[in-house]
Every structure is written in structure tokens, then in C-alpha cells.
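Asker: Protein chains in written order, with our numbering: chain L, 664 to 957; chain R, 664 to 957.
In case anyone wonders, no lab produced these hints; they're calculated from the structure. Heads up, a few of these hints could be off.
Any copy will do: because identical chains look the same in the list, a pair fits if it lies in one copy or spans two.
Derived DSSO-like pairs: lysine-lysine, alpha-carbon spacing no greater than 30 Å straight-line [stated by the list, open to error]:
no.	residue 1	residue 2
1	K923	K806
2	K806	K696
3	K697	K923
4	K697	K806
5	K696	K923
Protein chains: 2
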Amino acid sequence: MATQDNLSEYLIAPDLSRRGLSRAVDGIDQDGKKSVLSVVEERPLTIFLNAQEIVTAMTIGDYPEYLALGFLRNQGMLPDDADVTGISYDEELETVVVRTATQTSFEDKLKKKTRTSGCAVGTVFGDMMEGLEEVHLPASPVKTSWLYALAAKINRTPSLYLDVGAIHGTVLCREDRPLVYMEDVGRHNAVDKIAGWMLSEQISAADKILYTTGRLTSEMVIKTAMMGIPVLASRSGFTAWGVEIAQQVGLTLIGRMRGKRFVCLSGDERLLRDADPALVDEESQRSRRKGGRA
Amino acid sequence: MATQDNLSEYLIAPDLSRRGLSRAVDGIDQDGKKSVLSVVEERPLTIFLNAQEIVTAMTIGDYPEYLALGFLRNQGMLPDDADVTGISYDEELETVVVRTATQTSFEDKLKKKTRTSGCAVGTVFGDMMEGLEEVHLPASPVKTSWLYALAAKINRTPSLYLDVGAIHGTVLCREDRPLVYMEDVGRHNAVDKIAGWMLSEQISAADKILYTTGRLTSEMVIKTAMMGIPVLASRSGFTAWGVEIAQQVGLTLIGRMRGKRFVCLSGDERLLRDADPALVDEESQRSRRKGGRA
Chain L
664 MATQDNLSEY
674 LIAPDLSRRG
684 LSRAVDGIDQ
694 DGKKSVLSVV
704 EERPLTIFLN
714 AQEIVTAMTI
724 GDYPEYLALG
734 FLRNQGMLPD
744 DADVTGISYD
754 EELETVVVRT
764 ATQTSFEDKL
774 KKKTRTSGCA
784 VGTVFGDMME
794 GLEEVHLPAS
804 PVKTSWLYAL
814 AAKINRTPSL
824 YLDVGAIHGT
834 VLCREDRPLV
844 YMEDVGRHNA
854 VDKIAGWMLS
864 EQISAADKIL
874 YTTGRLTSEM
884 VIKTAMMGIP
894 VLASRSGFTA
904 WGVEIAQQVG
914 LTLIGRMRGK
924 RFVCLSGDER
934 LLRDADPALV
944 DEESQRSRRK
954 GGRA
Chain R
664 MATQDNLSEY
674 LIAPDLSRRG
684 LSRAVDGIDQ
694 DGKKSVLSVV
704 EERPLTIFLN
714 AQEIVTAMTI
724 GDYPEYLALG
734 FLRNQGMLPD
744 DADVTGISYD
754 EELETVVVRT
764 ATQTSFEDKL
774 KKKTRTSGCA
784 VGTVFGDMME
794 GLEEVHLPAS
804 PVKTSWLYAL
814 AAKINRTPSL
824 YLDVGAIHGT
834 VLCREDRPLV
844 YMEDVGRHNA
854 VDKIAGWMLS
864 EQISAADKIL
874 YTTGRLTSEM
884 VIKTAMMGIP
894 VLASRSGFTA
904 WGVEIAQQVG
914 LTLIGRMRGK
924 RFVCLSGDER
934 LLRDADPALV
944 DEESQRSRRK
954 GGRA
């Protein structure tokens, strides 16, 4: 069970008292019995970079400023030296505008490309892979005792994931301490919110570990690498391309982390196996709950 | 266990012998033991509508023509009367081009909007909600015996989901018979492939049921409604907005369908409870496997 000790380690933990993240929905079960279910919210948020409309994300709605900032950064639309002069969120219009001192080169690029090929989606994708070639992740050692401690703490932290399900969680960690726990309907949003927080607070990435409940797809691996975080761990599975990219950029990749079990797909030479798996508890039923999040 | 009887019901079942859907990846487990894992593939596929580049999807790579056609249709980019003159897939270039006899009105719209707001992603989203207002789903009755039979058959069908994990499955069904079982890294792709197949084969939607392993988000509900399918069932959870849209368009929505349990979120008045839940088997461990798919 969660204790104050657990929660006090976090800089940002899931805030279950926050309004608007879930809603009561009527359901009728297999026996015809009515019940009121607590169900996760999902709402559109349109992200602008200056006057340029970029994307409409589906999100639970918390931390829209971090989401916008992190999304733009992870898509390579905000260079390292971008001078962000303001971020304004309009709840009623469901928009968030990130403003920079000067027009970014991305906006030029976007305009040029849209003139020739019409849509920016493919462009965005192409640019992400491009930026990846310049990524050099530090070869940080990772103790398996940290990974086990993180999984145990995160699995016991009160969250929408445990409470309502149908949601993904991503946690920024340092050694055995979870720091920032973000949740969202799309796992990419949870990661983008963490990226936005790191950028706002000027947090260094080199000594961090990213833990996620979601699958390790190419998108997740690319985002983590773009953020400069050298370690990515998940309780879920992975795709072949996700593994390949992790190996290319030197990201330590850990999948299927449940109880004492895990599998290292990339960077095993940086793992310090200081914990005896035989002494690690298997997961409680509770932390395995809400399979409905898939 | 899967039997020939199960498989013979399908028009398209997962083809585990197909090359290129998974790949052997080396992993090292918690005890330092090396193993070779079979891991699902993920590759980019850029979809064109005539000369217009639309999107790059991440996909396992099977049925690219159905994926392209279904995506364009579900995004409202191909009107009912669109005359598709050809679909060409280039494996090396990882592109698929859908050609129509005349330029579609969508291309005009896209060009106009991109000139003003730069990117089509938000546009596409807006258009989807727009098209939804015209959707009128038939009030088809649904027997719970069909739903239980479908879940049991689908859970026992050999699939990448059972074999490799980290993937979503979506199955087009009629009464208690599963017809077309598509899988992909993104659940939206699996649905789009089914939509493409239905369009190619001119299959009517009014008597169909869509079953998915993934969450019932707004995107999934909108796609199902756009396809004209009146029933959507899932073993996973749901979002509040997904439920709201289902109620608006008259879609029968069933979530958390596992063993004898399910919850009906929309259209319960169309459910015929002809099966006694007490007589339904709980799920075997095997069909619950591969939680790594989240």
C-alpha cells in the first residue's frame, strides 16, 4: 500500500483530487445490474507554436503547458536555443499557444514543406529521425536494485492507473527515487508532459531513468533519446524497431519488468546486477490490476 | 486451444507464417541469461492520396493497401462516391498511393487549410467530428451469447497477440462468427485495415460487430461509427468521451469483456441477455497472457 514515505519522494505525483480527470459514467453489467463507474476523461487540446497550428492531442487535460512545450521539443520543433517567451492555455477554447522570441526555423521549414507536399505529419516524422543522429547518450551505469525499487514504489503509488484504468503512466526517476509521475490516455502525452516539465525547470537528463507502463515502440524510444535520458524501462513489451533504435543511440532498454523478472534489450553492459532477483517480491495482485489500460 | 473448426470460420485470420511480421531479438534476463525473443515488427508506411502526402503510419506491414484505403476513408478523406482507380504499394520506398478518378474535395480543403493554418492534423481531427453528425447507426439487437462465443473463439485463435505480444487485434464479426482478424502495433491501424477490406469487398456494416483488444477511446468509437458498424466490444477499458460519443451516435458499446464479465456503456436496451453468465467459463490463463501489449 502507498505510504506517505513513498509519496514524499515525488516532486509531482498523480493528484487524484484534481477535478476533471475522471467522470462518473453509468454502466450495466452482465447480470443487468447498474453501476456508476469512474472513467478517465479525454479531451482535445490544440497546440500552437506562435501563430502556427501544429496538432490536436487527445489528453486527460492536466498540465497543458508542459504537454505543449514537451510535444514541440520532442518533435524537434523547438531548438535548444529557442527563447520561449510565454505559454498561454485557454481552457474554454481548448488551445495552448507556445510563443518564442523569434519565429523558429521549424515554422519556415513547415511552411516550405506544406507548400510542396501539403501535410506536415510525414514531415514531423522525418524530422524526428533526423534529429536522432545527433543524439549522444551518456553511458550511465544502472543498478538493478534501483530498477526493482522504482517498480515497487511506482506500482504502489496511488494513481489514475490503479484507480480508474484505461490510462498510461510515465515516471521520471533518479537512481531509486521516482520524481515526476505523469499520466495520460496516450503514453506519448505522458512523456511529453515530463519533457515539458524538464525544459521548464531546466532539469538535466543525463542521470535520469524513465519508467513507463506502456509499450516500448519506436516513438517512445525516440522521445526518450531526444530528451537525453539514457535509460528507459517498462512493464510492457517492445517492438523490434524500438529495440534497434535504442541500440543505435546507446539507450539502455529494459522491458517486461514485472516482479523479479525483466529483459534487457539494449545496454546490458551498463547494468550492474547488484540485487538478487530471488529476493525480489513478485507483484501483488493490486499492481497488476486494470489490464483495461491496453 | 485453437482448432481447425475455429479457424475455418475466418475469411482472414492472423497469418503467423507470413514473413516480416516479427523478428528475433536478443535479450538478457534478470539472471544474466541470454535468450532469443520473437518481437513484433514496426515500420513506417507513408500514405499518399493521389499526389498528396497524407501521413506516415507505424505499422507491422501487412495489408498496406487495406490500411491506406481504410485510413483515408475513416478520416473522411474518401467520400462514399470516390472512384478509387488504383492502389499501389512500394515495399522499398515504404509508400502506398491511393488514386482516385478525380481529385477529391478533401485535397482542395486540405490545400486551403494548410495555406491558412499550416498543418493538416488539426483539420483532419475537426473533419472527423464533422462527419460524425451525419452517422445514423441501425438499432441492431445483440445477443450476449454472440459476444461470449466471439470472445472465446478470438481468445483461442493463434495470433501475434498470443505469440509475440505488444500488439493489438481487432476482429470484424457477424453474430457469433469472427470474419476478419487484423493485428497491428497501433489499434487504429488494425481498425483501418478492416475498414479498407470492407470497402474493397463492398461488405455491409449494418449487421456487423467489431471486437478489439484495445481501449475504447474517442478515436476507436469514431472510427467504428464512421464505418457504420453498430456494435463495438473490447476486453479493455474506455474513456468518458468514448462513451459519450457512442451514446450520441447510437453505438452499442461493451467494455471490460473478460470471461463472464462485461459492462455495457451504451445501448443496453439493444442487448438480448440470452446467455446465463453463470454458465460462461472464466478466461484461461493463456488468453490473458502478454500483458506486454499495453
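Asker: Quick one: K697 to K923, C-alpha cut-off 30 Å, is that within a copy, between copies, both, or neither?
Answerer: between (39 Å within a copy, 16 Å between copies)
Asker: How do K923 and K806 come out at 30 Å by Cα distance, when the copy is not named: within, between, both, or neither?
Answerer: Cα proximity of K923 and K806: one copy only (14 Å, versus 43 Å across).
Asker: Quick one: K806 to K696, C-alpha cut-off 30 Å, is that within a copy, between copies, both, or neither?
Answerer: For K806 and K696, only the inter-copy Cα distance (17 Å) is at most 30 Å; the intra-copy one is 49 Å.
Asker: Between the shortest in-copy and the shortest cross-copy C-alpha distance, which are at most 30 Å for K696 and K923: within, between, both, or neither?
Answerer: The answer is between: 14 Å across copies meets 30 Å, while 39 Å in one copy does not.
Asker: Pop the pair K697 and K806 into one bin, within, between, both or neither, using alpha-carbon distances up to 30 Å.
Answerer: between (48 Å within a copy, 19 Å between copies)
The structure fails none of the hints (numbered hints given earlier).
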